[in-house]
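Undergrad: Okay, here's what each chain looks like letter by letter:
Number of protein chains: 2
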Amino acid sequence: MNRFIPPKRTIMTPGPVEADPRVLQALSNPIIGQFDPVFTDLMNQTMEAVRRLFLTDNQWAFPIDGTSRSGMEAVMCSLIEPGDKVLVPIFGRFGYLLTEIAERCGASVHVIEKPWGEVFDPQEVTDEIKRLNPKITAIVHGETSTGCLQPLKDIGRFCRSTDRLFIVDAVATVGGVELRMDDWYIDAIAGGTQKCISGPSGSSPISYNSRAEKVMQERKQVEKGIRSEKEDAADHSRRIQSNYLDLTQLQDYWSPRRLNHHTEATSMLYALYESLRVIEEEGLEARISRHLSHEKAIAAGIKAMGLTIYNDHSWKLPVVTCVTVPDHVDEAGVRRMMLEEFGVEIASSFGPLQGKIWRIGAMGYSARKENVYHVLFALEAALLAHGFEANRGEAVQTALKMYTGVTASA
Amino acid sequence: MNRFIPPKRTIMTPGPVEADPRVLQALSNPIIGQFDPVFTDLMNQTMEAVRRLFLTDNQWAFPIDGTSRSGMEAVMCSLIEPGDKVLVPIFGRFGYLLTEIAERCGASVHVIEKPWGEVFDPQEVTDEIKRLNPKITAIVHGETSTGCLQPLKDIGRFCRSTDRLFIVDAVATVGGVELRMDDWYIDAIAGGTQKCISGPSGSSPISYNSRAEKVMQERKQVEKGIRSEKEDAADHSRRIQSNYLDLTQLQDYWSPRRLNHHTEATSMLYALYESLRVIEEEGLEARISRHLSHEKAIAAGIKAMGLTIYNDHSWKLPVVTCVTVPDHVDEAGVRRMMLEEFGVEIASSFGPLQGKIWRIGAMGYSARKENVYHVLFALEAALLAHGFEANRGEAVQTALKMYTGVTASA
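Just so you know, the protein sequences line up as chains A and B, in that order. Residues in the first sequence are numbered consecutively from 1, following UniProt numbering. Residues in the second sequence are numbered consecutively from 1, following UniProt numbering.
Pulled out of the complex, with its shape left as it was, chain A reads as follows (with noise of 0.2 Å):
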């Protein structure tokens, strides 16, 4: 087996982006003990800023050690049960993959779709609500297959007044996008770390409120070989179908009870408490600012360019830009060329938009004007070479110009 180097690469996608390089350091701190007081107490602070982060009050704010769609499943499996009625509003491919994780926790599911590139009015999800009365009504906030961003305080809000659950993927907008999990009314949310919080893959950070606990409390069962007598003697019938994504049982790993469940990943723990500390450093206000400020010059550099926006709209989720692939130009060749000879990596999109268009990601430690003018470079240099006749030089002039001010000389 060789040694693996990787490739310096300028990654401009919706995930996974370039990680922080203090994360990157972070990441090789010598390992310690999972009940070792210094790692319990590292625990407990990293509670204490993935609060923060989602700007709640609740007690339970904690990673879940897998991929992000580990965290919306641990949130979904936790509080669903068979013959549960969820509503999903689907706006693009991670809506689908929340149907999917409903119905495999044996949930009965009901969606409403939109055309893949709009949003939800949110009378329209509200309306279907008060028509189907479904217990949980769980959507994503920032769809990155389509580059859109639901509002979601007033559905919040209604699901609240109602007394009905509402719980949201927010992986792609956590920590780059504005986000309010407790004035929003959100009940349960589930992030990720390999996209604005500039981590690496492998970490989900999710929250839930006393409402969510509540219902996943019913069904609690403490495991076999370190439940109490009294513990074994409850009834099990309504269990949570998986045990590494209990949240009942997560969360007394998570408090001062300690309960033993998994080992806590040591390494990804490290990852996020230092890109939490990072995002703290920045401040989350300055930080979604700067992710704006990013999106702007690519828009106008792409707009420049000669290309065309695909998600214009006042609902674009601001961190990823999809960009219309020109008529009889090689999409997958053009990013295949941006990849080999410049190191830029962008994306394609899935179903009905795969190879429709490009998406460009501006997440993180990714969204910096440096990249913004690689990609831009790069997809103008491939363009030509593919034979689509881009505005030669305008992109980067164009987003030269926002950054610094000065304008090319005629």
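Heads up, none of these hints are tricks.
No copy is singled out in the list; a pair is fine if it fits within one copy or between any two copies.
No more than 16 Å apart at the CA atoms, straight line, and that leaves these computed lysine to aspartate or glutamate pairs for EDC-like:
#1 Lys-85 <-> Glu-103
#2 Lys-224 <-> Glu-113
#3 Lys-220 <-> Glu-103
#4 Lys-135 <-> Glu-103
#5 Lys-8 <-> Asp-36
#6 Lys-224 <-> Glu-103
#7 Lys-303 <-> Glu-394
#8 Lys-224 <-> Asp-235
#9 Lys-135 <-> Asp-84
#10 Lys-153 <-> Asp-183
#11 Lys-356 <-> Glu-331
None of these hints come from the bench; they were simulated from the model. Predicted model, so just to flag it, every value in this text is computed and none were measured.
With chain A's structure known, arrange chain B on it following the hints.
TA: Same frame as chain A, but now just chain B:
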């Protein structure tokens, strides 16, 4: 938030143990995209190395992005359908975990139990299989809670000859104790990275053969949003209950089809790859011998100190030495002093053995003579400070003699 700087620990527990410094360095490599050809090549090379680790020719051998129990749950929830009869022979805490997971998959779980500290004569298990006729027999190979090692080959041979499935939890043994997946007729297996593999917790290498795959494939459901029309029309009533841990989906992601599932945990894969490289450079057989030699030094040192080994049988798990806590000694106090004063971590156990034994691991990178000296002298010092008259100096001198051949002058 303060910068987190972990203390330097000597970790002599049954895991998580010290990661190899080369693995820690690999963790800090920059991120690359999950469909970057350099990354998919790394995935392929890792699969090959996982095959060699388990000594198997199976096509499917890859890590689950979660801690060890996520690997066992992936195997079990992909194989078990509601109502399936599953036999779990239990000889410690982690046997209970297997029942817990199987029950949550809807299995009809049957157990046979040995008193903690013993293992099964394979005949006892095969007799029960004959009587019960289970679809699956699931067992732990190395039970860290009791420090016992279960012989597997005769059980595996019987299951194969009668066309039943045999699945094994090899979390504690893989990479440190003899384990031969194919020769022992194991159909599916899961390991952990934070023990003898000497990586961080958070990744679980698994493998399964074509017999296991056939059972899973009957239940296959490609994810909505990325499945084809033909796949859409398939019968999904028997689908696997987890999306995240669905091996039929994961194998499509790990195959040339590269069907998108989760975003592979980049840094953890870097770590696993480097761990496996370290193992191959040492050689599996040499590595197993190394673990045995350190076990001998620890055991001899413990006895020389005047203590009793709890699991001193032919079925002792070589990588975990359990020590009976002497009467009237403050079990937790001794461990606390070892950690706080000497930076050395050992463990107690669970259930009936909690507070009754200390468990001293010697796994992976932690299985080094410096660590053996360190744990022996720290345990001796803490025992003396807690009023137990250990034989002063004898433990380290005994180990020193074994490592160097030099006897302390009288």
